[in-house]
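These protein sequence lines map, in sequence, to chains Y and V. For the first sequence, the numbering used here assigns the number 119 to the initial residue and increments by one for each residue that follows. For the second sequence, the numbering used here assigns the number 229 to the initial residue and increments by one for each residue that follows.
Watch out, some of these pointers could steer you wrong.
Stated by the list, open to error - For the chain Y half of the interface with chain V, some residues (derived, Cβ under 10 Å), not all of them:
| id | residue |
| --- | --- |
| 1 | 130 |
| 2 | 135 |
| 3 | 136 |
| 4 | 137 |
| 5 | 140 |
| 6 | 141 |
| 7 | 157 |
| 8 | 161 |
| 9 | 186 |
| 10 | 189 |
What the hints assert, rightly or not - In silico lysine-lysine, DSBU-like type, Cα no more than 35 Å apart, as pairs:
| id | chain 1 | residue 1 | chain 2 | residue 2 |
| --- | --- | --- | --- | --- |
| 11 | Y | 185 | V | 303 |
| 12 | V | 342 | Y | 131 |
| 13 | Y | 185 | Y | 161 |
Calculated from the structure, these hints are not laboratory results. Since this is a predicted model, take the numbers as computed values, not measurements. Just so it is clear, CB atoms sit at the ideal spot from N, CA and C, and this is done for glycine as well.
Here is how the chains run, residue by residue.
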Amino acid sequence: MPTYEARLIITLKQGVLDPQGQASASALAGLGFEGLQSLRQGKVMDLTLEANDEPTAREALSAMCEKLLANTVIEDYQIDGLAQTSATS
Amino acid sequence: MALAVIQFPGSNRDSDMVEALAHVTGTKPHLVWHAETSLPAGIEAVVLPGGFSYGDYLRCGAIAARAPVMTEVAKRAQQGLPVIGVCNGFQILIEAGLLPGALMRNANLRFVCKTVDLEVQSNRSRFLEGFDVGTRWACPVAHGDGNYVCSADMLARLQDTDSIALTYASGSNPNGSVANIAGITNEAGNVLGMMPHPENISLPHQPTQVGARIFEGLLHAAA
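All chains, please: the whole structure from these sequences, using the hints.
Below, the structure is given as structure tokens:
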């Protein structure tokens, strides 16, 4: 079965308060970085999985996000850079 | 009466909860490990205690909410079994989809450990039937992620269905929760989640015993 790699990017939905991002932004301002308008913090997860084909891999990743990895009440997720790494394993 | 306190890896208020429940009900509750797939026979209520289940990895309560025992807890909750989650237990109930919304990092980013004033907004839940609506009582909180958020539509629904059970009294909101929410119920009223710790004010040696009234509601809830 082919092996795929993918990166999941999980971000807070627009409008959801991000106190951690705000704290980092104010720390940057304290360091003298000017012009920073916003900073939103999220999560990046790199996964390796086996699947029959790319659509199946994408479907599995989506289900993982919906069921556990993202809280869809407050977070959006996107699947980035899904690519096959080997033909067989 | 037969009560179950669920233990997850990282629960740390389970013993306090057991003591409070044993004191109020006169019976020591069952401690049920998260990996169980069933609850002891004749269980009349389930209690999810506070702590840091799974080290708060991913999101507070997220992994505990998918533990094997939670499938049974969810099934029984939907059938009307009284379920209460305190602090991390509230986070777990939300992550399990038994209560709506989300609990996020406190707005000021600080872990808060202090006593705050609560106000009873609804005594529809059997846990709160010992309180008149509008009653204020002081209760300890101890959490880093108690900032309740939900969509405007959901907030309206919580209000319309009388599901906001407890709020922080005006000026007492320690975490930035929308509408000062400290605790909510499901629409049926049998599931209550709250950030404050009633088990800290239930025993004779504790500062007050107001919290015992929450658990006394369980005695009446047994049906």
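Starting from the hint list further up, note which numbers the structure goes against and sort them upward.
-> Hint 7 alone not satisfied by this model.
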